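Chain by chain, the residues run as shown.
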Amino acid sequence: MIYREMGKVIFNEEIADGIYKTVFISPNISSSSLPGQFVNILPCSDWQQVMRRPMSIASQGNDEISIIYKAVGDGTRIMANWPIGEKVDLIGPLGNYWEGLESCFPIIIGGGVGIAPILNLHHLLLEKQIDHNLIMGARHKGEHFLKHEPQNKIFLSTDDGSLGIEGNVVDALISIYPNSKHPYNTKIFSCGPPMMMEGVRNYSLENQLECDLALETIMACGIGICQGCTVERKAESNGQHSYRNRFALACLDGPIFNAEEIISCM
Amino acid sequence: MHVKLKDIEFSSPLLTASGTYGYGHEVQDMVDVNQWGGIITKSVTRHPREGNSPPRIAETSSGMLNSIGLANLGVEKYCEEIIPFLNELQTKVIINIAGTALKDYLETLDMLESAKGKHVGYEINISCPNVKEGGMEFGVNCEMTEKLTQEMRKMTDKLLIMKLAPNVTRIEDIAQAAEVGGADAVSAINTVVGMAIDLKTRKPKLNTTFGGLSGPAIKPIAIANVHKVFKAVNIPIIGIGGIATAEDVVEFLLAGASMIQVGTMNYQNPDLGAELKQKLSKYLDQNGINSIDDIIGKVEYHSN
Numbered sequence: 690m691i692y693r694e695m696g697k698v699i700f701n702e703e704i705a706d707g708i709y710k711t712v713f714i715s716p717n718i719s720s721s722s723l724p725g726q727f728v729n730i731l732p733c734s735d736w737q738q739v740m741r742r743p744m745s746i747a748s749q750g751n752d753e754i755s756i757i758y759k760a761v762g763d764g765t766r767i768m769a770n771w772p773i774g775e776k777v778d779l780i781g782p783l784g785n786y787w788e789g790l791e792s793c794f795p796i797i798i799g800g801g802v803g804i805a806p807i808l809n810l811h812h813l814l815l816e817k818q819i820d821h822n823l824i825m826g827a828r829h830k831g832e833h834f835l836k837h838e839p840q841n842k843i844f845l846s847t848d849d850g851s852l853g854i855e856g857n858v859v860d861a862l863i864s865i866y867p868n869s870k871h872p873y874n875t876k877i878f879s880c881g882p883p884m885m886m887e888g889v890r891n892y893s894l895e896n897q898l899e900c901d902l903a904l905e906t907i908m909a910c911g912i913g914i915c916q917g918c919t920v921e922r923k924a925e926s927n928g929q930h931s932y933r934n935r936f937a938l939a940c941l942d943g944p945i946f947n948a949e950e951i952i953s954c955m
Numbered sequence: 002m003h004v005k006l007k008d009i010e011f012s013s014p015l016l017t018a019s020g021t022y023g024y025g026h027e028v029q030d031m032v033d034v035n036q037w038g039g040i041i042t043k044s045v046t047r048h049p050r051e052g053n054s055p056p057r058i059a060e061t062s063s064g065m066l067n068s069i070g071l072a073n074l075g076v077e078k079y080c081e082e083i084i085p086f087l088n089e090l091q092t093k094v095i096i097n098i099a100g101t102a103l104k105d106y107l108e109t110l111d112m113l114e115s116a117k118g119k120h121v122g123y124e125i126n127i128s129c130p131n132v133k134e135g136g137m138e139f140g141v142n143c144e145m146t147e148k149l150t151q152e153m154r155k156m157t158d159k160l161l162i163m164k165l166a167p168n169v170t171r172i173e174d175i176a177q178a179a180e181v182g183g184a185d186a187v188s189a190i191n192t193v194v195g196m197a198i199d200l201k202t203r204k205p206k207l208n209t210t211f212g213g214l215s216g217p218a219i220k221p222i223a224i225a226n227v228h229k230v231f232k233a234v235n236i237p238i239i240g241i242g243g244i245a246t247a248e249d250v251v252e253f254l255l256a257g258a259s260m261i262q263v264g265t266m267n268y269q270n271p272d273l274g275a276e277l278k279q280k281l282s283k284y285l286d287q288n289g290i291n292s293i294d295d296i297i298g299k300v301e302y303h304s305n
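Chains as they are written, first to last, in the working numbering: chain A, 690 to 955; chain B, 2 to 305.
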């Protein structure tokens, strides 16, 4: 079930450099969403652009949902300034969700704009008591809001080495698992900027690891109508809808795709 | 709010533009699709089409560019899978047909006529700018528009609406060709050819370089084209182009449209059919307008 609901802002703060967290009261979306899904947001009622802004859900429950985002464009800057009590037009929950968590050792990797669905997955795994590793990448220390705690299997990386492991998330993977010695049945789950995810995808393919990636694409409707949020799949992939075998839609067939089935994250 | 097109009565003059509302079922959880006067479905073609490579859309000021390339499941599956759903709708359904050759259009129409559909008509897309093989050649050529209209007219008694492109020298000539060919109405406008470039990569924002611009950004172009067509033909016009408010609807009516289609703004607000219907009704009441018919084409020119 997809809902259009006016979410009431009850928390909206900068939690790291340029990174904001907003919590809404949104009972219908909260009770029906699963980690990995997203909402399509109208930043304001007199929004002058035609497209909503799709945002991954970072947490759900108790009638609330939260999102975490970087204030980088016109939409997210409006969002960063929502006052408490603001009613925001939300459509969701949309898309597929993280699956296949039980029979593997999950390494979950987030970075940049892809923090939200990875945090959501982290909490789901903790709740299910599934042992896993979390790796979060950022350009520098200021963009992190978690603590680097290798003893708790939480690894942070920074491009400039100002916190945690120096380098990107793939460098972190190499440093945590020298000589590609991964735990038995490792499966990678990742979301982040396209360049980062392409690196993670290549790492998983080279190491023959299962890998699911939550892709970010440009998107208009979010519900399968406009057919704009296309992700190219390998021709042999089989889908339910023949004409979408090759050009899948991130909003309906995704946003989570298997690393093997897609051509690229870029 | 009821309007008539030929002998078909619609509960409001508000229709969905093809490709912006799917087949109506995608939004069913959220809205009552029967609030629309009618639904014009996403273009169907003779054979399935996978569409263009990504990126297919880009945001522009108060608008968007698209180059979907008529991705659809093809008329055979459409008859099997989509028509039974469309038959359940209370609102009127108009099926949009696209093609790249005369034969494609006619075969598609033939199969839809044979299917047991409750649809009241067809809108013929002769103006998609995003298909290389040349569907567009119909929309820029008077003889071909007339011929296609004539051939289709022979095959159906249902509403026949030709959808016109703005990317032509004289849209009124194409409209007249459709009228001569026997069309019941024309709809105007399809998207305007546009292009945007990513400064970092220096690549076009669309894979196909050019695409179709839609949304409020094109409304003045649409109003001008609707008015040109209004002065050139006697058949009704269905206005399309960036409609977002009840005032926009009134502007199209004044320019000469008898009905309108809402397109790109459906992506932002899937419930515009109900909201605009209510607001339009209020606008007409507040301004002492008894019937929509009273304002169609009633723009008043400057008197100098």
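It is worth saying that the hints were derived from the structure and are not from the lab. Predicted model only: the values in this text are computed from it and were never measured. All residues carry an ideal CB built from backbone N, CA and C; glycine is no exception. Treat the hints loosely; a few may be bogus.
[Said to hold, decoys possible] Here chain A is said to cover these stretches of chain B; the calculated rule only asks that three of the stretch's residues, wherever they fall, bring their Cβ under 8 Å from a Cβ of chain A:
# : stretch
1 : 9 to 16
2 : 21 to 28
[As the list claims (entries may be wrong)] Going by beta-carbon spacing under 8 Å, a handful of chain A positions derived as facing chain B:
#  : residue
3  : K710
4  : S734
5  : Q738
6  : V739
7  : T919
8  : E921
9  : K923
10 : F936
[Stated by the list, open to error] List time: in silico BS3-like cross-link candidates among lysine-lysine, alpha-carbon distance up to 25 Å:
#  : chain 1 : residue 1 : chain 2 : residue 2
11 : B       : K280      : A       : K776
12 : B       : K159      : B       : K148
13 : B       : K299      : B       : K280
14 : A       : K776      : A       : K697
15 : B       : K78       : B       : K159
16 : A       : K923      : B       : K78
17 : B       : K232      : A       : K923
18 : A       : K923      : B       : K206
19 : A       : K776      : B       : K204
20 : B       : K220      : B       : K206
21 : B       : K229      : B       : K5
22 : B       : K5        : B       : K204
23 : A       : K759      : B       : K201
24 : A       : K836      : A       : K876
25 : A       : K817      : A       : K876
26 : B       : K119      : B       : K155
27 : B       : K299      : B       : K232
28 : B       : K229      : B       : K283
29 : B       : K117      : B       : K5
30 : A       : K842      : A       : K830
31 : B       : K206      : A       : K759
The hints, checked one at a time:
1. 9 to 16: Per the Cβ count (0), the hint is violated.
2. 21 to 28: Since three or more residues must qualify, the claim that chain A covers the stretch 21 to 28 of chain B holds, with 5 doing so at under 8 Å.
3. K710: At 25 Å from the nearest chain B Cβ, K710(A) fails the 8 Å test, so the hint is violated.
4. S734: violated (10 Å)
5. Q738: holds (6 Å)
6. V739: This hint holds: V739(A) lies near chain B, its Cβ roughly 4 Å from the closest one there, short of 8 Å.
7. T919: Check passed: Cβ of T919(A) comes within 4 Å of chain B, closer than 8 Å.
8. E921: Holds - the Cβ of E921(A) comes within 8 Å of chain B, reaching about 6 Å at its closest.
9. K923: violated (13 Å)
10. F936: The hint holds - F936(A) has a Cβ within 8 Å of chain B, the shortest such distance being about 5 Å.
11. K280(B) with K776(A): holds (22 Å)
12. K159(B) with K148(B): holds (18 Å)
13. K299(B) with K280(B): Cα-Cα ~20 Å, so holds.
14. K776(A) with K697(A): holds (5 Å)
15. K78(B) with K159(B): OK: K78(B) and K159(B) at ~21 Å, within 25 Å.
16. K923(A) with K78(B): Between K923(A) and K78(B) the Cα gap is close to 23 Å, so the pair holds against 25 Å.
17. K232(B) with K923(A): violated (51 Å)
18. K923(A) with K206(B): OK: K923(A) and K206(B) at ~23 Å, within 25 Å.
19. K776(A) with K204(B): violated (38 Å)
20. K220(B) with K206(B): Satisfied, since the Cα-Cα distance of roughly 22 Å is no more than 25 Å.
21. K229(B) with K5(B): Holds, because 22 Å separates the two Cα atoms, which is no more than 25 Å.
22. K5(B) with K204(B): Status violated; Cα separation ~47 Å.
23. K759(A) with K201(B): With Cα atoms ~20 Å apart, K759(A) and K201(B) stay inside 25 Å; holds.
24. K836(A) with K876(A): holds (23 Å)
25. K817(A) with K876(A): holds (16 Å)
26. K119(B) with K155(B): holds (19 Å)
27. K299(B) with K232(B): holds (12 Å)
28. K229(B) with K283(B): Violated: K229(B) and K283(B) sit about 29 Å apart, past 25 Å.
29. K117(B) with K5(B): holds (23 Å)
30. K842(A) with K830(A): Holds, at about 18 Å.
31. K206(B) with K759(A): holds (22 Å)
Of the numbered hints given earlier, the model fails hints 1, 3, 4, 9, 17, 19, 22 and 28; all others are met.
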